[in-house]
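Engineer: The chain contents come next:
Protein chains: 2
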Amino acid sequence: MSERLVIIGGDAAGMSAASQARRRRPAGELEIVAFERGRFTSYAACGIPYLLGGLVDDASDLVARSPEVFRDRFQIDARTGHEVLAIDLERRRVRVRERSAGRDFEEPFDQLVIATGAEPLRPPIPGIELEGIMGVQTLDDGLAVERVLVGNPKSAVVVGGGYIGLEMAEALVLRGLSVTLVEQAPQPMRTLDPDMGALVAEGLRDVGIDLRLEEPVEGFEGRGGRVEAVTTSNGTLPADLVILGLGTRPRSALAEEAGLPIGETGGILTDRRMRTPVEGVWAAGDCIETFHRVSQRPVAIALGTHANKQGRVAGINLGGEYATFPGVVGTAISKICDVEVARTGLNEREAAEAGFDFDTVRVDSSTRAHYYPGAEKMTTKLLAERGSGRLLGGQIVGLAGSAKRIDVLAACLWNQMTVDEMQGMDLSYAPPFSPVWDPVLITARKAAEKQEEG
Amino acid sequence: MSERLVIIGGDAAGMSAASQARRRRPAGELEIVAFERGRFTSYAACGIPYLLGGLVDDASDLVARSPEVFRDRFQIDARTGHEVLAIDLERRRVRVRERSAGRDFEEPFDQLVIATGAEPLRPPIPGIELEGIMGVQTLDDGLAVERVLVGNPKSAVVVGGGYIGLEMAEALVLRGLSVTLVEQAPQPMRTLDPDMGALVAEGLRDVGIDLRLEEPVEGFEGRGGRVEAVTTSNGTLPADLVILGLGTRPRSALAEEAGLPIGETGGILTDRRMRTPVEGVWAAGDCIETFHRVSQRPVAIALGTHANKQGRVAGINLGGEYATFPGVVGTAISKICDVEVARTGLNEREAAEAGFDFDTVRVDSSTRAHYYPGAEKMTTKLLAERGSGRLLGGQIVGLAGSAKRIDVLAACLWNQMTVDEMQGMDLSYAPPFSPVWDPVLITARKAAEKQEEG
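Note that the protein sequences, when read in sequence, are chains E and X. Every number in the working numbering is 1328 more than the matching position in the first sequence, counting from 1. Every number in the working numbering is 1328 more than the matching position in the second sequence, counting from 1.
Hints in this document: simulated from the structure, not taken from any laboratory. Possibly wrong hints are sitting among the right ones.
What the hints assert, rightly or not - Here's a subset of chain E near chain X, in silico, CB distances under 8 Å, partners left out:
id, residue
1, C1374
2, L1390
3, N1636
4, V1764
Being a predicted model, the structure only gives us computed values, none of them experimental. Glycine residues also receive a C-beta, built at the ideal position from the N, C-alpha and C atoms.
Take the sequences, apply the hints, and build the full model.
Structural biologist: Structure follows, in structure tokens:
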């Protein structure tokens, strides 16, 4: 007898789950329907800043698989413009609104995957409802920003100096706008420690961004319903366009209203196989709570790579096989023009909150042998538990060729290595790729020496 | 009472040992004399091809510390142009030749570090003694090649398609010579598997190198004592200059003649603290035999980064503290013009020789999200033990931004990870740095799937 799988959310997590389930269960055995509020399925949300910056030609380049491809190649019925309004776990039905038709209907399910993603934070600042104050959470959002950009606005204010804020600031600089970045903290990129964040601040100013730190936004001013200025604790900034980059939270209200348990981070609770406590109901992606392997605490991290993996795990299990998501170590990477930034594990604040006593070391080195052309500055910071010497986290800020080296640190964290073990590792060396002592190894060595000194 | 430390060989291993010993024992307590045959101390031998290719301006850029710096800042008496001819372990003396003066003398030691490096292989091919047939083992060798290059030779033949051969071929192309690379094997870069070596061959031909495979050199022809042509199994190649890149072996004859034990690889035997069996006699760098953590077999690998680490370990122990060299996993990296190449662990031949039963996977991916500018092709290959799924080795060939990712695989090998564990790792993702599935993770995933299929 055929089962029916309903997917809520047609992006990374949801469609990975659908594809993996289909691979294991043919259409005659498992019917799959996916509902997506927006106009696009399976797209690279992380690519939106680069589309807006003009580095990517067309929105279609960001779409991995269209509804037509899902239908024709995978017999998956992916319906865009369909918003799920409610989940009835008792009757195993979802209520759906077809947005263009304005009509609501119910759809039954045997299996359900909740992949509703994250929602951008929109604090109740006076005037935040004005037109021209925009987020870039979805590809639809991104295309709305593009429609504003083609009108040649002169000035933009980006609110929030996290990953999205920085990437959007770069995009707007590339589009020729005068860009102000407003951050209420004393540094941009608060997932880094202040000393490393200061290096990012320098990079932002170098590309002409007016960076305003410790300057919370107090309101937005407009005329005719359209934003014209941002008011901060320090004055008024003209703004033809405002981008909100204040972070996200799991979009878990639908699950919560249905009675599914929500974790302390606001994300839907699942086990390692992505099962909720209700039989046949799964959740994956930015809407869930996952596990941080270093702090051993729950976290909610919105990132396409996790969403893809979690969706895949849900789909494999749905398909009758076995897979688990092993948690995260908090790895992230970005760049703002020439400055590359990466981090993994815990930063100082997070390590302290988790109760670790730790030492830190920070080392300036270079991406290549100092004599080799194109050797660029690279600063590496490590945190190690005092006593055990176990690596707790790492951060890198530098120019071309720096940041992706964070993956070595992520692999070390994954394996709970000590800095003493790390300094002996056999990392690759040749002058075009590294000084004879690789920056990661130098930093581990300094951290190990600090351990010995006690 | 003051002790006397004699160092044989003034490059990476020897001078690292000297510096670390000095840091722990002041000049009043430990006198340090280093004898170096050549004219330079502590230089980056790996940088020689880039000096000759014109990417590095001056030989002095490759010298980390001159004898003057060692004398003035570290009270280390580093004597260049001094060759050690013999070691008398009984009387604890070395016999030294001061090359410029042509005089021999004896020097006593309490502690001895043997850091004589590697010697290039020079098989007894007819004509190999002709002028213009050169190696690039030392900086003095490199400067000799430079003296030939300023005479504007037209054609060069590089014999041997390993790291040095490839890097020298690139250098000679950059200097405008017509370059032929002759290799007796069916592929260049024999530390890679044939399928990956084929990608390197393609890259070499793309930059205009006349690559001749399975074409052993049979002789060299000359006129007036100077090389003019190379004869292979397939004909005669004109050559104003011949570079030998046939590999190296540990320069261990001095130690062997003194009665120190030599391993099966030809390298001097030491323990993990770099001690030979004779009290107070240490060895480090390219002249020793070390341990491969994957094959669990002895290996001799000539590489500056190992030499530096081993010298450092010897110096720390000499200085009364404790350090060990933990062995290697066989990581190496290089580039030839635009093509980057890296490997770690065991290749197919090595894995078979070590007795492993294994599967391989090879995946074509890209260095960045496919839609992001500058996304370059990258091919990753993994070997995993059949049954256990344990990673045995990895190889990468690709364009800019590919090869340094080998370090993640080196870290996985170091920790004896399985490909199944690896596929869940939290590696960094953002479109300028990786597809949403990092190439390393995709390859691990495919390898894990192959395991499941049995």
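Engineer: Quick one: which hint numbers does this structure break? Sort them smallest to largest.
Structural biologist: none
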